[in-house]
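Kindly generate the complete structure, drawing on both the sequences and the hints.
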Amino acid sequence: MDLLALADFNLVARHGGFGKAARAAGRPKATLSRRVAELEASLDLRLFERGARTLKLTAEGQALFERTGALLTELDETAKAIASGGHSPRGRLRISAPLLFSQTAIGKLAAGFLRKYPEVRLEIVTEDRAVDMVEEAYDLVIRVNPDPDAGLVGRVFLRDRLVVVASPDLPFPAGNDTVPVVTRGSPGQAGPGSGSWEIVTPAGPSTITVEPMLSLSSFVMVRDAVRMGVGAARLPLSLASPDLAAGRLVSWGDVVGSETELWVLYPTRRLLNARVSAFLEHLKSAFPQGTPEELAAYVEG
Numbered sequence: 001m002d003l004l005a006l007a008d009f010n011l012v013a014r015h016g017g018f019g020k021a022a023r024a025a026g027r028p029k030a031t032l033s034r035r036v037a038e039l040e041a042s043l044d045l046r047l048f049e050r051g052a053r054t055l056k057l058t059a060e061g062q063a064l065f066e067r068t069g070a071l072l073t074e075l076d077e078t079a080k081a082i083a084s085g086g087h088s089p090r091g092r093l094r095i096s097a098p099l100l101f102s103q104t105a106i107g108k109l110a111a112g113f114l115r116k117y118p119e120v121r122l123e124i125v126t127e128d129r130a131v132d133m134v135e136e137a138y139d140l141v142i143r144v145n146p147d148p149d150a151g152l153v154g155r156v157f158l159r160d161r162l163v164v165v166a167s168p169d170l171p172f173p174a175g176n177d178t179v180p181v182v183t184r185g186s187p188g189q190a191g192p193g194s195g196s197w198e199i200v201t202p203a204g205p206s207t208i209t210v211e212p213m214l215s216l217s218s219f220v221m222v223r224d225a226v227r228m229g230v231g232a233a234r235l236p237l238s239l240a241s242p243d244l245a246a247g248r249l250v251s252w253g254d255v256v257g258s259e260t261e262l263w264v265l266y267p268t269r270r271l272l273n274a275r276v277s278a279f280l281e282h283l284k285s286a287f288p289q290g291t292p293e294e295l296a297a298y299v300e301g
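FYI, in the numbering used here the residues of the sequence shown are 1 to 301.
I should point out that these hints are in silico values taken from the structure, not numbers from a laboratory. Hints may contain errors.
Within a straight-line C-alpha distance of at most 25 angstroms, the following computed SDA-like cross-link-like pairs (lysine to any residue) qualify [claimed, not checked]:
#: 1; residue 1: Lys56; residue 2: Arg67
#: 2; residue 1: Lys20; residue 2: Thr58
#: 3; residue 1: Lys284; residue 2: Thr104
#: 4; residue 1: Lys116; residue 2: His282
#: 5; residue 1: Lys29; residue 2: Thr58
#: 6; residue 1: Lys29; residue 2: Ser42
#: 7; residue 1: Lys20; residue 2: Gly51
#: 8; residue 1: Lys108; residue 2: Met221
#: 9; residue 1: Lys116; residue 2: Arg90
What follows is a list of derived Cβ distance ranges for each label pair [as the list claims (entries may be wrong)]:
#: 10; residue 1: Asn176; residue 2: Ala246; range: 27 to 33 angstroms
#: 11; residue 1: Gly107; residue 2: Leu152; range: 36 to 42 angstroms
#: 12; residue 1: Thr207; residue 2: Gly112; range: 40 to 46 angstroms
#: 13; residue 1: Gly151; residue 2: Glu60; range: 19 to 25 angstroms
#: 14; residue 1: Gly107; residue 2: Leu272; range: 21 to 27 angstroms
#: 15; residue 1: Asp169; residue 2: Thr201; range: 16 to 22 angstroms
#: 16; residue 1: Glu259; residue 2: Ser42; range: 51 to 57 angstroms
#: 17; residue 1: Arg27; residue 2: Pro148; range: 17 to 23 angstroms
#: 18; residue 1: Glu123; residue 2: Phe172; range: 24 to 30 angstroms
#: 19; residue 1: Ser42; residue 2: Val256; range: 58 to 64 angstroms
Glycine included, every Cβ here is placed at the ideal spot set by N, Cα and C.
This is the structure:
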């Protein structure tokens, strides 16, 4: 495939017409039209529907534009970074991050990153769903315990675990006593009914019989409710640490099998541009040990 013709196709698609693209690039309209026609002929595909006054991407043209636009931009930026010595990251960096990490740490992380690299335009979208990095034009994603994906590479930068916490006024249950608890979940997921939580205490394994009294959709809300003394809850240690240290909450033990890993991921086939590399280093410097206590100290600091 002719990369120059592909670049001209992307130019026309981005500007929505040959005339606009020609004016933006300072190139003859006839040249752009010829180059796009040659690309269509080489692919044996119609990329644009041409009307008397309109130009519209076909389904095949839209797919080609979505797949190649970001890659061509990345190649161009990489060449510029190499030519300039790669010392000054610039341009857009788009990141997807999970809800809890965004609520507690992303604001401070993002501000610190932009103070280092003011020419970067950072966009962070908060979502817990699995995103398609290529289709949705993300440069990086941050995920908790992600499923294996052959198309992505990355590394763990934080580890955490769940602990059962409660107000100091709520006693640890004796025997088979039932404990009121606050749970994290969507409305209706954790209604009334008994269950049990397996924990590890300093004295050894223990089972707590629980009755969900309140279901909330984020750990931050769960923490705030537990502070009010309405029940016990399972919280990430990083989120509970400040309250545990201050005595506002007490720990009943670690939740069995609750270890979590926070990963930063990017597509394997992409070149690591200066912006991505800089953000990876920023994460590493913010959390050199990657412990729950380190995250808690970062958020509180």
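Cross-check of the supplied hints:
At most 25 angstroms may separate the alpha-carbon atoms for a hinted pair to count; Lys56 and Arg67 meet this at roughly 17 angstroms. Under the criterion of a C-alpha separation no larger than 25 angstroms, the hint pairing Lys20 with Thr58 is consistent with the structure, at around 19 angstroms. Proposed proximity of Lys284 and Thr104 is supported: the alpha carbons are some 17 angstroms apart, at most 25 angstroms. At roughly 9 angstroms between alpha-carbon atoms, Lys116 and His282 fall within 25 angstroms of each other, so this suggested pair holds.
Straight-line distance between C-alpha atoms of Lys29 and Thr58 comes to about 20 angstroms, which keeps the hinted pair within the 25 angstroms bound. Restraint check for Lys29 and Ser42: satisfied, since their Cα atoms lie roughly 20 angstroms apart, inside the 25 angstroms limit. Of the supplied pair hints, the one linking Lys20 and Gly51 holds, its CA atoms being roughly 16 angstroms apart against a limit of 25 angstroms. At roughly 20 angstroms between alpha-carbon atoms, Lys108 and Met221 fall within 25 angstroms of each other, so this suggested pair holds.
At most 25 angstroms may separate the alpha-carbon atoms for a hinted pair to count; Lys116 and Arg90 meet this at roughly 11 angstroms. A beta carbon spacing of about 32 angstroms between Asn176 and Ala246 agrees with the range 27 to 33 angstroms that was offered as a hint. Range check, Gly107 to Leu152: about 25 angstroms between beta-carbon atoms, so the 36 to 42 angstroms window is missed. A hinted range of 40 to 46 angstroms for the beta carbons of Thr207 and Gly112 is consistent with their spacing of about 43 angstroms.
A hinted range of 19 to 25 angstroms holds for the C-beta pair Gly151 and Glu60, which are about 22 angstroms apart. Evaluation of the 21 to 27 angstroms hint for Gly107 and Leu272 yields a pass: the beta carbon distance comes to about 25 angstroms. Between Asp169 and Thr201 the CB atoms are about 19 angstroms apart, so this pair conforms to the stated range of 16 to 22 angstroms. Evaluation of the 51 to 57 angstroms hint for Glu259 and Ser42 yields a pass: the beta carbon distance comes to about 52 angstroms.
Arg27 and Pro148 have their C-beta atoms about 45 angstroms apart, which leaves the hinted 17 to 23 angstroms range violated. The beta-carbon spacing between Glu123 and Phe172, approximately 46 angstroms, falls outside the hinted interval of 24 to 30 angstroms. One distance hint, 58 to 64 angstroms for the beta-carbon pair Ser42 and Val256, holds here, with the actual separation near 60 angstroms.
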